[in-house]
Amino acid sequence: MSENIEKKWQKKWQDAKLFESDPNDKEKLYITVAFPYPSGAMHVGHGRTYTVPDVYARFKRMEGYNVLFPMAWHVTGAPVIGIADRIQRKDPWTLDLYENVHKVPKDKLPELADPINIVKYFSTEYHNVMNKMGYSIDWRREFRTIDPTYQKFVTWQANTLYKKGLIKQGEHPVKYCPHDKNPVGDHDLLEGEGVGVNELTLLKFKCDDIILVTATLRPETIFGATNLWLNPEVHYILVEVEKGQSKGEKWVMSDDSYYNISNQKELKIIKDINPEELIGKMVENPLSHEKLPIFPASFVSSEYGSGVVFSEPADAPADYIALQDLKQNKELIKKYDIEKVVEDTEPINVVTVKGYGDIPAKEIIEKLQITNQDDPKVHDATEELYKTEHSKGYLSERFPKYGGKKVAYVRDEVKKDLIEENIADIIYDFAERPVICRCGNRCVVKIMDDQWFMKYSDEEWTKKAKECLEGETVIPEEIKSNFDYYLGWLQDWACSRRVGLGTRVPWDKKWLIEPLTDSTIYMSYYTIAKYLRNMDPELLNDAFFNKVFLDIDSDDIKIEPELVDKIQKEFNYWYPLDWRLSAKDLVGNHLSFLMFAHTAIFPKEKWPKGTVVFGMGLLEGNKMSSSKGNVILLDDAINEYSADVVRLFLMSSAEPWQDFDWREKEVKGTQRRLQWFREFAAKVEQVNGGNLNLTNIPEIEVKSNINKWMIAKLNQHIKNSTEALEVFQTRKASQEALFLLKKDVDHYMYRIQHINNDDEEVKYVLSILLKNWIKILAPFTPHTCEELWNKYGGEGFVSEASWPEYDDSLIDEEIEKSEELIQNLVKDINEIKKMVDNDVNKIHIYLAPQWKWDLYKIADEIGKPDIGQMMGRAIKADIYSDKKEIANTAKKISREMTKTKYIGKIDEAAILNDSKAYIEEECGNEVIIHTDDSYDPQNKARNAMPYKPAIFLE
RNA sequence: GCAAGGGUGCCCGAGCGGCCAAAGGGGGAGGACUUAAGAUCCUCUGGUGUAGGCCUUCGAGGGUUCGAAUCCCUUCCCUUGCACCA
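Heads up: the first sequence runs through residues 847 to 1800, numbered per the working numbering.
None of these hints come from the bench; they were simulated from the model. Heads up, the beta-carbon is just placed ideally off N, CA and C, and yes, glycines get one too. Hints may contain errors.
What the hints assert, rightly or not - If you anchor each label on the Cβ, the simulated ranges turn out as follows:
| hint | residue 1 | residue 2 | range |
| --- | --- | --- | --- |
| 1 | Y1008 | D1118 | 46 to 52 angstroms |
| 2 | D1724 | E1569 | 44 to 50 angstroms |
| 3 | E873 | E1037 | 29 to 35 angstroms |
| 4 | P1222 | C1285 | 28 to 34 angstroms |
Please work from the sequences and hints to get the whole structure.
Pasting the structure below:
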C-alpha cells in the first residue's frame, strides 16, 4: 500500500522534473554529500548520510531557494581490485559476504570477478535505492569517476596543481612485497593487517674501519649506552653504503635486516661477518666517544631493525635482564674473555620518571618477575616502560643541552642533531611482525623515490587552507578546531598509485592518481556535468576547463563559444558550494584536501562556505559493519517499513553528527507515529464534514483561549523546527515538527472534548493545523505528505509549496501561561483530593489580590530572592497596609520566583471562567471562583499567590 | 601518548546558571476501549507526606553563586582519529 503511494509520487516528481535544477532568478543553494564508493550494498547507515542533505534540500526548496542536490559514484581506487580478485579465486568468506550480506543474486556473482562490474553493479543498485528513498537528486548530473569526461577533468585539475608547483616528486616508505615487486595494501596481506611502519634512528658505532649500526625508537637513551649486543646465533654481514649521507661507510648488520634495509638504501654486500670475532671488541659511542664493549645476547632479533642493538640497561628492560643473564653466565664470559668489562658494566641513569627510581628497567623486571631475557613478558615490560617514560619522563639534569626536558620533546631534538652530525641515519621497519604478503613472502618497507606528493606541508598553502576554514560555517562547531589542527598537521600526501582504477598522472603515465586526490573539487564538475555527459572527451582539454572554471581565454578551446559560455555561466551560478556533508572520519583527509584544493585552484569567492560532519551508525547498540555482517540493508528496511518511516526514523533518532542507533522497536514506534498522523488528517476531514479543502480555509477569528493556545503552540513548533533545520538539526526539527507538536495536539483534542463538535473555531484551528503540519513534515516524509496534501485539496506538489511562516505575535506568553495555570490548578486540586480523606462537595478558588501582583513585580525587577530589598521597595511604594503580611508573602514569592517565570499580571478570573467547565469535569466537583474572601471558612484565601490561586475543598 | 568529544533516571537521549525531579522516545505498571488479542487513548514509573509540600539525585571530590545537571579546578572512566586507505 504505502509502497504504491511512494512509487506513485516518485514517478510524478520525475515526470514533473521537479528536482532538475537549472539556473534561474531565484537565490541558489548548492549542497553536496560525499559520493559513495559503491563496493557493496547500501545499508541504513548510508541511508542516514544521504537523507540529511535531501531533507535540507527539500526544506530549502520550500523556503523558495533554487536548490541543487547532485549525486555521483566514486569508483576509483584499489579495494574493488582485491574484492574482484577474491571473487575470482572463489574465496569463501568473500562469496558469502557478497551473497548473504550484500545480497547479490547468485547468478550475478561471477560477473563481479571484474572490478568494473562491481562498481557498475553497486552504483546502479545505489541509484535505485536512492530513488526508492525519494531523494530529490538531479540525476542529469550523475557520473562515475572513471568516465572519460571526468578523467579529463581530473587531468586538468592535476595539471593545474602541477603547474603551480604543488605536486612534487619525493620519497616515501611503503609496505612492499619484494616477490611481487609491488606496494601492498592491507587487503593484500596474509598476515599483519594494520601494522604500522616505524621510523627508527640508526646510530653508528665505529669499530676500527667498520661501523656497527643499531636501530632504535629511543635515540635519547644513547646517553646511557653501556655496550652493544650481538646475537652469536645470527648471521651478520658487512655492507657498503653506496648512496646518501652515509655513502662510503661500511656497516655491520644481520642479513635478515639487510632483506628489509636494502629496499631503503643502496647497499653492496662485502662479506660475511662472524659475530664471535666481534664480541669482546670495543666500539666508540658516537656522541660521547667513550669506548663500549660488544657483548653476546640471545634476545636480539635478526629481523628487527639492523640485528645489532645498543644496550641501555637503565631504561630498556631487555637490556637490563640480558646484562644480568650475562653476569651470571660465567662460562660465556670466559669464552669471550670479557670478565672485567662485564663486571664493570652497570646501568647509567638517563630518564627520571615519577614512580620509579634510578633504574626503572630493574624495577619493572622485578615487578613482572622476569627471570631471563627470553621470557615473553620482556615485551610487555618494554611496552609499559616505554609508554610511561615517553609521556611522563624527563631526561636527567646532568646531560648538557637536553637535560631536564621532557623525553617526548628531547627525542626529536636528539634525533635531528644526531642526523645532522652524521652520527645517525634513518631506517624504517614494521612496528610488529610478521607482515606476510598474500604470495607468502615476507614484506619489507621500501622507499619509493619516484612517488608524487601533494605538498600539503607547504606553509603558504596551509595558510590559505586555514583561511578557507576560517570563512566556513562548520557544523557541529566543535569540529572546527579539529579541522584547524588537521590542516596544520597534514604532511605531504602521496598522491600516486600503481594499482587500482583511476586516472593517469598526465605527465608520468606509469602512475595513477590516488583516489582521495581525484575527488577534491568534483563538486564543481557537477555544476556542468549535464552538458558533458554525451560529449566527445577529446574536446575537453585543459583550455576548456580553464575557460569554464577560471575564465582564462585560449585559442585551443574546441567547443563552440556559445556553449562554453552557457556552461561557464552555469558554473558561476551554482558555485561556490554552500554545504558539504561528509563523515567524521574524513575530516583529516578528504574534507581537508577539499579546502586545500579549492584554495589552490579557485579564487576566494569560489571557496566552500559550509561543512557538516556526520557521526556513525549503530545497529541495536553495536557498530554497523558490512564485513561483519552487522547491517540492515536500506532496501530491506524500505520494503519492511516504507521509505518515509525509514527517513523519519533516521532523521529523528540522532542529530547528523551524532552516532545513531537503528533499533527495531523504535523504528516501529516511528511507524506508528506516522500512521497516527494519517489518521489525524482523516479525523480533521471528518470534523469538517468530509470536505476539507486545504487550499481554501475560510478565515475566522479565534476567540477562546484553548484555540488560541493551539495556534500559539503550532507557531512555536514551526518556529523551533525551522530554526533547527537551518542548522541541520534534523533530530530537533523532527521532534518539534512531529513528536512535540503531537503531544500538544493530543492535549488540545482532549481539551476540546467538551466543546460542541460543530464549532467553527475548532474546525478552523484543525484545518490550519493540518495544512501547516503537512508542510513542515514534508522534508522528512515527502511521500506521505504529498499524498495527504493531494487528498485534502492542497494545490500542486507539497514539495513545491511554500514553507510556513510562523507568526511571533501568535506565540503568546500569556496564552501559554493561562493554560499552564489551568493545568497546574487541576493537578493541585486532584493532588490535594488524593490526600484528604473526607468527601469533597465543592471546590473554592481564591485569586491573589492586586498588592501581591505588585510585590511579585518588584521581586522580578530585583531579579533575585532578596527579601530585604523587596520589603524596602514594597513599603516605599505603599502597596499594602499590613507589613507583616507583605513580609510573609515576600518570603513565599522568594521561593516561588525561582520556580515560576514572571510575565506580568494576567486576568486569572477571566481565564478560569473560560475553562470552568473543563476544570469541573477534570475534578468532578462544582467549582466556585471567588474574587473576594467573603466566604472563606478555613481562612485559605490568604494562600493565593499570583499564578497560584488558593484552593479550599469543602 | 597526542588531539577532539563525552559520562544525565531501568535503557537511548534532550537540557548547558533559576519555570529542573529534569523534554521526547523505548521498556515497565495500571486504567479506558475490545468477546479477546493487537492497535489506540489516559495515568503512573527516585523517595516520602492525611492541603498543593518536603527530602535525595545528573561519574567522583572540591570551589564560585542568594541559587549549579548546567560555570571553574582536581580526579576516574568511556568513545573516536593519528594517514598513504575509501
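We went through each hint and held it up to the structure:
Separation of Y1008 from D1118 is about 47 angstroms and conforms to the stated range, judged on CB atoms against 46 to 52 angstroms. At about 45 angstroms, the CB distance of D1724 to E1569 agrees with the hint of 44 to 50 angstroms. Between E873 and E1037 the beta carbons are some 57 angstroms apart, a value that contradicts the proposed interval 29 to 35 angstroms. A hinted range of 28 to 34 angstroms for the beta carbons of P1222 and C1285 is consistent with their spacing of about 29 angstroms.
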